[in-house]
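Student: The chain contents come next:
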Amino acid sequence: MSETIEQATATAARRDVSVARIFREFLIIGAISFGGAVPYLRGRLVEAEGWIDDKEFVEMLSISQSLPGLNATNLAVLVGQKLRGAPGAAAAILGMCLPGAVIMYIAGILYWEHGDRAASSAVLKGVAAAAVGLVLYTAIQLGRRSLDTRVDLIFMALTVVGVDYYHVSVLWVLLGVGLISILWHHPRRLRKAKRA
Amino acid sequence: MSQLPALIRVFAYLSLLTVGGGMAAFPEMEYLSVTVHQWLTKEQLIHLYSIGQMSPGPNMMMIVAVGDWAGGVVGALAVLVAFFLPTALLAYGAGRGWKRLEAWPWRDSIQRGLAPVSIGLLLAGCYTIAKGAIFGTETAAIAAAVLLILLHYKINPALLVAASAVVGFISFR
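Same order as they appear, the protein sequences are chains D and X.
One gets the working numbering by counting positions in the first sequence from 1 and adding 1 to each.
One gets the working numbering by counting positions in the second sequence from 1 and adding 12 to each.
Because the hints were derived from the structure by calculation, they are not lab data.
Quick caveat: nothing in here was measured; it's all calculated off a predicted structure.
Any given hint might turn out to be false.
To give an idea of the chain D side of the interface with chain X (calculated C-beta under 10 Å), a few residues [to be verified]:
id, residue
1, Ser19
2, Ile94
3, Ile110
4, Ala158
5, Leu175
6, Leu184
7, His187
Reference listing, derived: stretches of chain D covered by chain X, where coverage requires no fewer than 3 residues with Cβ under 8 Å from a Cβ of chain X [unchecked claim]:
id, segment
8, 33–40
9, 51–58
Backbone N, C-alpha and C fix where the C-beta goes; we use that ideal spot for every residue, glycine too.
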């Protein structure tokens, strides 16, 4: 009973959201989401605005991760679409990308002009080393959440070795190892694992 | 000669490789933009990616700078559209179809199956960056410190990148 009331309020709230509002909201997220967009998206869209609930958010995030494209922009498209169809999706992704694009355009010009100075190259050495630590952290986080069998580790290792050691194009690794991995996790095996 | 067609082709192709995150496309981006088209050097690409970690929004916005260098403002805009439009259309299509596929047993298989591959691609991208960014004890120490701090404390990663800029300024000048 309470669930139907919640759903009704959620739908009512959704109907009010205009395309301009969607654009503004994602523009804000695009401008404040330092250090990774997903937590900010959840904070603003689920907690502050209540445009989608947590369950929808998690589902949209998992769709975003299985598709090509960045999580931030895929999520923007999915949420915008849910609220206002195609115009909503366009407004969301434009708002999401605009601030970062402007900032990186300016940063690129500054880097082009001043990147060779001794001071900038010292700063950039620190920044690039930090980026390595950050990407490793992201990999460990994702691994903890979604790798649970030894076979998964083998698929992961095959991917790394294929790309970095044998220099196989990412596309072929994706199609090759990805396909084998999907077939390995075929529905019957997943059902069996669930029962056990 | 105009780089526009090449920019569009390369970044539209790269966008389709970003399964699980932008980093997945990094090794291929290095190969295509540095080795094949020579829009910039490997070092510059790594620097731009790293600067991008301090900027808000989607974390591959550094492609705008690559587009600008190779083709000016038009190049920057072309790269943006090429990189984001194809996957946006895919996400739009999937958003309409995914719900209907709920009963399809292979949907879970795809999700589970792609997870280890996308993490592998993330690590492969990390290795590509590390080859250009880690040289000697100081840089290795910065990377390790960032990793350990993130594993143990809840802190905004952009702050750590900014702090590493300060550390770099002090130790490498």
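Student: A separate judgement is required for each hint: does it hold in the structure or not?
Tutor: Hint check results:
The interface hint given for Ser19 of chain D is broken, as the beta carbon of that residue sits about 19 Å from the closest beta carbon of chain X, more than 10 Å. Evaluation of the Ile94 of chain D hint against chain X yields a held restraint, the C-beta minimum of about 5 Å falling below 10 Å. For Ile110 of chain D, the interface hint holds, the least distance from its beta-carbon to any beta-carbon of chain X being 7 Å, beneath 10 Å. Annotation: interface hint on Ala158 of chain D holds; nearest CB of chain X at approximately 7 Å, less than 10 Å.
The beta carbon of Leu175 of chain D is positioned within 10 Å of a beta carbon in chain X (closest approach about 6 Å), and the interface hint is therefore held. At a threshold of 10 Å, the smallest CB-CB gap from Leu184 of chain D to chain X is about 7 Å, leaving the interface hint in force. For His187 of chain D, the interface hint holds, since its Cβ comes within 10 Å of a Cβ in chain X; the closest pair sits about 6 Å apart. Residue count for the segment 33–40 of chain D with a Cβ under 8 Å from a Cβ of chain X: 6. That meets the three needed, and the coverage hint holds.
Check result for the segment 51–58 of chain D against chain X: violated, 0 residues qualifying (beta carbon to beta carbon below 8 Å, three or more required).
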